[in-house]
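Chain residues, written in single-letter form:
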Amino acid sequence: MMVGTIYNIQRFSLHDGPGIRTTVFFKGCPLDCVWCHNPESKEQKPEISFYTEKCIKCGYCVSVCPQNCHTLIENQHVLNRINCARCGLCTQRCFAKALVMIGYRITADKVVAQAAADRAFYEKSGGGLTLSGGEPIAQPEFALEIVQKSKEVGLHVCIETCGFCGTGDILKIASFVDLFLFDYKITDPVVHQKYTGVTNESILHNLKSLDDLGKKIILRCPMIPGISLNDGHIEGIIALARSLNYVIEIDLEPYHPLGISKCEQIGKTPAFDSIEFLSKEVLMEYREEITSKTGIAVKII
Amino acid sequence: MCDYDREKIEKLRLPAIDPYISYEDIYINFYRRFAENNSLMHFEKRYGDAYLYAFSNAAPSIDDGELIVGKSNRKLTPEEQTEWDLLKKYTVPMIALQRGQDSHMTVDYELLLGKGISGVTEIVRNKRAAFDLSKAEDIKKDLFYETCEQCLKTVVVFSNRYADEAEKQAENCKDEKRRKELIKIARICRKVPEYPAETFYEAVQSVHFLTYCLSANPLRLHIQQFQLGRPDRYLWRFFENDLKAGVITPYEAQTLLDCLAIQINRRVVHGLSSGYMVGGRDENGKVVSNELTKMGMRVIEQCRLVYPSVGLCCCTDTPKEDIELTYDILKQGFSHPAIFNDEVITKGLREYGLPAKEACSYIHSTCVEITPIASSNVWVASPYTNLVQKLLDVLDREYDSMEALMETYFDHLRESINANFETELSCRVAREKSGFIPLLSCFINDCLDRGLDIDRGGARYNWIMPTFVGMANIADSLYAIQKMIFENKEYTFAKLKQMLDSNFEGCEPQRLQLLNCVEKYGNDCDAVDRYSGIISGFINTECRKYTPCYSNARLIPSLFCWIMHDRFGRETGASPDGRPAFFPLSDGSGPAQGRECKGPTASVLSSTKWDHTPFIGGIAVNLKFNKTMFDDESKQKLTALVETYLSRGGFELQINVTDKKTLQKARENPELYQDLVVRIGGYSDYFVKLPPTMQEEVMLRTEHEI
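The listed protein sequences correspond, in order, to chains V and F. Under our numbering, the residue at position 92 of the first sequence is numbered 92, and the numbers go up by one with no gaps. The number in our numbering is simply the position in the second sequence, starting from 1, with 1000 added.
Read the hints as simulated data drawn from the structure, not as lab findings. Some hints could be false.
[As the list claims (entries may be wrong)] A short, non-exhaustive set of chain F residues, derived as facing chain V with CB atoms under 7 Å:
id, residue
1, GLY1506
2, GLU1508
3, ALA1602
4, PHE1630
5, SER1634
[As the list claims (entries may be wrong)] Mimicking BS3-like on lysine-lysine, the simulated pairs with C-alpha atoms at most 30 Å apart in a straight line are:
id, chain 1, residue 1, chain 2, residue 2
6, V, LYS110, F, LYS1661
7, V, LYS280, F, LYS1689
8, F, LYS1244, F, LYS1191
9, V, LYS45, F, LYS1689
10, V, LYS54, F, LYS1244
Glycine included, every Cβ here is placed at the ideal spot set by N, Cα and C.
All chains should be modelled from the sequences, with the hints used to inform the complete structure.
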């Protein structure tokens, strides 16, 4: 029985595939996208998230921390993360939920059982389970057992992936997956490397392999001003979609700055700090263009 | 009239937003006459005499533009007011008993529309013809029928006075269009409700006029909340015929329904409830879904007023478009239509002994209390019981086990149910002597058959429906005790009581531990949810013990709260679920405010783990969504959510679409709004979890979308 690290199981997920879904957020990602919306998912190691506004200054964390990371100075709670071993003892005694442990170990069986709890809703809505993250295939054996067992109990399965993983792994998993939500972030490999930390060659290779296998794919394209919101990338998306046979939909995801505050909560500095929401209207023209040139439905989500 | 008359509705709705409603114009004359005329021997005769006198001297009120007429809004003159105050002080208490339930019901509109007042009078006369007035028994019965006849006559007289008024206004009317309308109103008021209705317009006027007359009940001076039943059934044949005959268009019919709806707002003061239901199944088991079903719901968006409160009765084969119409209305921020589970309600009514023919014809008697149409003496929400206080009452000692605590709690609750039942029953006995509503009795089965007034046991169904408030708090509190005292052994009952009595003074971390670190009802956690099953099961079993007795006075339980969760909350100390003293109790039967952390699917699963069927007295489950959730794609998913709730046996569902104001409240009071989901560019999250800047952004956009 496989055990893996996740940080959330979100029920009533409406935007990670068809119908009402349960999304399992894996912890750990091989990419390091500067604009990352879920910075708490990057490291596989658990982290301590601190919501300052919830702290009631009870001092319980101060008394349990073996590393003396917490101090109350002039009624201000100061968290020194340098010595933090991320043991999570403080989060267990933080009843105000100001300190929260992000990331926990769980068995594949438990994940499947929790996903199956909402089966009645999936049946009415055509929904199911979505593995997301982080990067699910960064924990390939754990992900494989989840999808396998989900299929055994008849759940519709989606995987949201950045595609940066072993081709063998993704293909093995693919046979238990109904739909891939496959990220296509940046066309130019050099720019890709610059903003995500890796080039996109193996990603494209994996995408092609899935397509060859006849797997249904939704391309998910984060639209980041100054990085991927440009004509060149839109052309890249069009060319890619036309080269594949099984892309059923293309999603344009306008940038939102939620990652910034999440970074702060886990004591990290955001690498991309634009606080402007990208409006849907800006993407309307691109949507028209992509649809007309590929014949594929484009959604702005 | 040729099209939907938006201009008219806009004009009529304005004074209906905050209307002056008063029946004192009628009451003052009733009591004047009643006090003066003691030459008549019998209470009944004096009632009938005063009733006719009161309505004959009340002022008809027809405002410019009205198509459906009948309302009371005359303010008393200062002299009259002085007289009325005296009457209220000395005369009214001698005659009228103001205690106990009333109205909340739907009368027999089929009878009214099919036979007219004249036809009902005929029935009454036939009954009287058979009496032998040399027998005391027959004299008693005849007095009842005689008063019925007098009251029926009163309605006809009053309707004709409206006709006179319309004619008078027509004479002086310079606007040709309005003059024609007034002439038509006069013609219709001369015909209905006296005679059977023949057109849609006549039917709507007839229904309104009788309901309006019933609303002035001299022995019950507070505002009466009559419900309009199932308009998509009783109005359908008129609409269909008119349409075929080419005398009406759907737009004209919508205008008339809107006029009817506006008059509800001028008949019932704010803060109460009045409305109707649409959909469901007819007595042949066929789904009711027609143009009037939809028009009945569209009234909400056309009129944009607090009433009518509309319920859509959903069956397994209710057309999707009817359900989707509710979303289109809800997403605009209206609190209705509410969705009722026809399968569950019909089953519940059958189990309480209703024949199939009657079980399909019920009404939400204001909020969610279900009563059979045309045959109920309704006694809903009598009384409200505070489930949490009953627990706090017994926390004054140590218990060896959860079972021991539950036993003591249930004993306490049992005593309260019994005491309350005795009080309500006693009140009914009192009303047998002092209550008297002959006009209403003419339209409630089987009063005329039995020769008994509705207040004297004439109705076919005389249920008493107590309701229990704070279901989620009690489940959460019991589980908190189980976990913290018995499992984790964190503290004793004495310590818990001390913390509760001091409202967690100096123990905020412990309160937060109870609130945040113990699982809560509404999150699909069996260990907690089982308490809702235990509590509802106990209430149901207890109530069944009282069946049937005194004129079919079954005790039928309910689990809704109207505004009592707030009122009880304000007088209830801190509870073991981490709720601070004086905070509202949970509303309805879903999770307590802000405690749903796993989303609506988990909440729906939790609230349907126990059997709703016996709770015909009403169950309300609320789900909150922000407006941002209502795009086309999400709409399909919300439909699936609702369908799953219904297929799991959920009784009623109220979807609240929150606006900017709610978001503002959520920022100020995050603890109460932890379940509020909003959508932010491609993803949904709990509003209170967002950082302040993001909350700002969502609020800005919410406002934008209104």
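- request: Using Cβ atoms only, decide whether ALA1602(F) comes closer than 7 Å to chain V, and label the hint accordingly.
  value: holds (6 Å)
- request: For the pair supplied as a hint, LYS1244(F) and LYS1191(F), confirm whether the alpha-carbon distance does not exceed 30 Å.
  value: The hint holds at about 22 Å.
query: Does the CB of GLU1508(F) sit less than 7 Å away from some CB of chain V?
result: The hint holds - GLU1508(F) has a Cβ within 7 Å of chain V, the shortest such distance being about 6 Å.
- prompt: Between LYS45(V) and LYS1689(F), is the straight-line Cα distance small enough, at 30 Å or below?
  reply: holds (23 Å)
field: Given hint LYS1661(F) paired with LYS110(V) - CA-CA distance at most 30 Å
entry: violated (40 Å)
- request: Assess, step by step, whether the Cα of LYS280(V) is no farther than 30 Å from the Cα of LYS1689(F), and give holds or violated.
  value: Holds - the C-alpha atoms of LYS1689(F) and LYS280(V) are around 24 Å apart, at most 30 Å.
task: Compare the distance between the alpha carbons of LYS54(V) and LYS1244(F) with 30 Å, and conclude whether the hinted pair is satisfied.
output: violated (66 Å)
- request: With a cut-off of 7 Å on the beta carbons, see whether GLY1506(F) makes it to chain V.
  value: violated (11 Å)
query: Taking the closest Cβ pair, is SER1634(F) under 7 Å from chain V?
result: holds (6 Å)
- request: Report holds or violated for the interface hint on PHE1630(F), using the least CB-CB distance to chain V and a cut-off of 7 Å.
  value: violated (11 Å)
Consistency with the previously given hints fails for numbers 1, 4, 6 and 10, ordered from lowest to highest.
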